[in-house]
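All chains should be modelled from the sequences, with the hints used to inform the complete structure.
So the protein sequences, as listed, match chains A and B. The numbering of the first sequence is the working numbering, which starts it at 41 and goes up by one. The numbering of the second sequence is the working numbering, which starts it at 253 and goes up by one.
Quick caveat, the hints were computed from the structure, so don't treat them as lab data. Backbone N, C-alpha and C fix where the C-beta goes; we use that ideal spot for every residue, glycine too. Some hints could be false.
[As the list claims (entries may be wrong)] What follows is a list of derived Cβ distance ranges for each label pair:
#, chain 1, residue 1, chain 2, residue 2, range
1, A, R42, B, D375, 21 to 31 angstroms
2, A, D130, B, F383, 27 to 37 angstroms
3, A, T49, B, L302, 50 to 60 angstroms
[Unchecked claim] Covered stretches of chain A (in silico footprint by chain B; criterion: 3 or more residues with CB under 8 angstroms from a CB of chain B, positions within the stretch not fixed):
#, region
4, 105-118
5, 155-169
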Amino acid sequence: MRLILLILTGLLTASALWANVPDFGYAVSARGFDLPGVSAYEHGSLELLWRPNQGPLTLRGGAALPLGDGWFFRARFTAAAEVRLAALRDHPMENWISLDSRYAPSAGIGGITAEGKQVYLSLELTPLRFETGGGYYAFLAPSLYLDPRKRSLEGWGISLFHFGYYLW
Amino acid sequence: MLLFFIISVSAAAADWAVTAAPVSFFPAGKHMPEGLYAQAGIRAALHPRLEAELLVIPRITPEPFSHAAAGAMAGFNLLADLEDAYFHMIADIGMLCRFDFRTQEKDPLVYVRISPLSIGNPDYRYRERIFTAGLLYDIQNQTFSWTFSTWIQDWFVSRFR
Numbered sequence: 041m042r043l044i045l046l047i048l049t050g051l052l053t054a055s056a057l058w059a060n061v062p063d064f065g066y067a068v069s070a071r072g073f074d075l076p077g078v079s080a081y082e083h084g085s086l087e088l089l090w091r092p093n094q095g096p097l098t099l100r101g102g103a104a105l106p107l108g109d110g111w112f113f114r115a116r117f118t119a120a121a122e123v124r125l126a127a128l129r130d131h132p133m134e135n136w137i138s139l140d141s142r143y144a145p146s147a148g149i150g151g152i153t154a155e156g157k158q159v160y161l162s163l164e165l166t167p168l169r170f171e172t173g174g175g176y177y178a179f180l181a182p183s184l185y186l187d188p189r190k191r192s193l194e195g196w197g198i199s200l201f202h203f204g205y206y207l208w
Numbered sequence: 253m254l255l256f257f258i259i260s261v262s263a264a265a266a267d268w269a270v271t272a273a274p275v276s277f278f279p280a281g282k283h284m285p286e287g288l289y290a291q292a293g294i295r296a297a298l299h300p301r302l303e304a305e306l307l308v309i310p311r312i313t314p315e316p317f318s319h320a321a322a323g324a325m326a327g328f329n330l331l332a333d334l335e336d337a338y339f340h341m342i343a344d345i346g347m348l349c350r351f352d353f354r355t356q357e358k359d360p361l362v363y364v365r366i367s368p369l370s371i372g373n374p375d376y377r378y379r380e381r382i383f384t385a386g387l388l389y390d391i392q393n394q395t396f397s398w399t400f401s402t403w404i405q406d407w408f409v410s411r412f413r
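See the structure below:
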């Protein structure tokens, strides 16, 4: 029994050799839109994240559910690639983030589905984004939506908060 | 005015916080039209068990600031004194005034909220009120609706270094 426990303990300890900083995670956000074919209700959004090699690029994809307006039946699918523009350790908002944080604004490009098989191109800017050890916290991130076929601006949206956590 | 005076005076001596939260109104259209709403406010600890909050809840999308609600709340720490515990349960009661800036209409609403789990206190400089549910009562039309906030963040600015 002791030998088994010793082997198990040794294996568990050795497994730390292959442990990595997580690259995959999830994000939750509260979003609103002024966009044809997308509900005007508040949307709760859940997305999966992939940050290759803990670099400045984050890819995310998921769904936004209009709360109280069809829920899953009117869900919109979203995908985006965002790039961190800077990473400043000493920043004026340090007091407002409970964890040790870096100011890390980002910009991104992506897409969102709408009614009638419409897909809009999105341009996103996240000026209030703060990275902590295992994720990020972002607030008040505006986005513009373009119709790629008409090449016209079709609407806008905003994310009140966007919290991402890297777990795997 | 009296509440504002109390908060102003207390803010100099007691702990006070800046608050922010998303707010969802259900069913949409009953008291507030559909859309994304955000709460911003100031909350002061007047007593170990009593807090007061001034708040404004504007509509953000699809028509920014076409509608809003503003008001004052009194909050009660139900389980313990504010500084004695890390986990709390908070009940709020107050009044909101609902504004429709397009028609210039305004109506009073009674607002009751319960935050079943609140994590943090002024010593930690932060507090998160989780899964806060609220009940709105329109006095003139005698109708009810409810609100939900996934979380309400309190930043105890009075303790910032």
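Each hint tested on the structure:
1. A/R42 <-> B/D375: 21 to 31 angstroms: violated, 46 angstroms
2. A/D130 <-> B/F383: 27 to 37 angstroms: The hinted range 27 to 37 angstroms holds for A/D130 and B/F383, with Cβ atoms some 35 angstroms apart.
3. A/T49 <-> B/L302: 50 to 60 angstroms: holds, 53 angstroms
4. 105-118: Result for this restraint: holds, n = 3.
5. 155-169: violated (count 0)
Of the numbered hints given earlier, the model fails hints 1, 5; all others are met.
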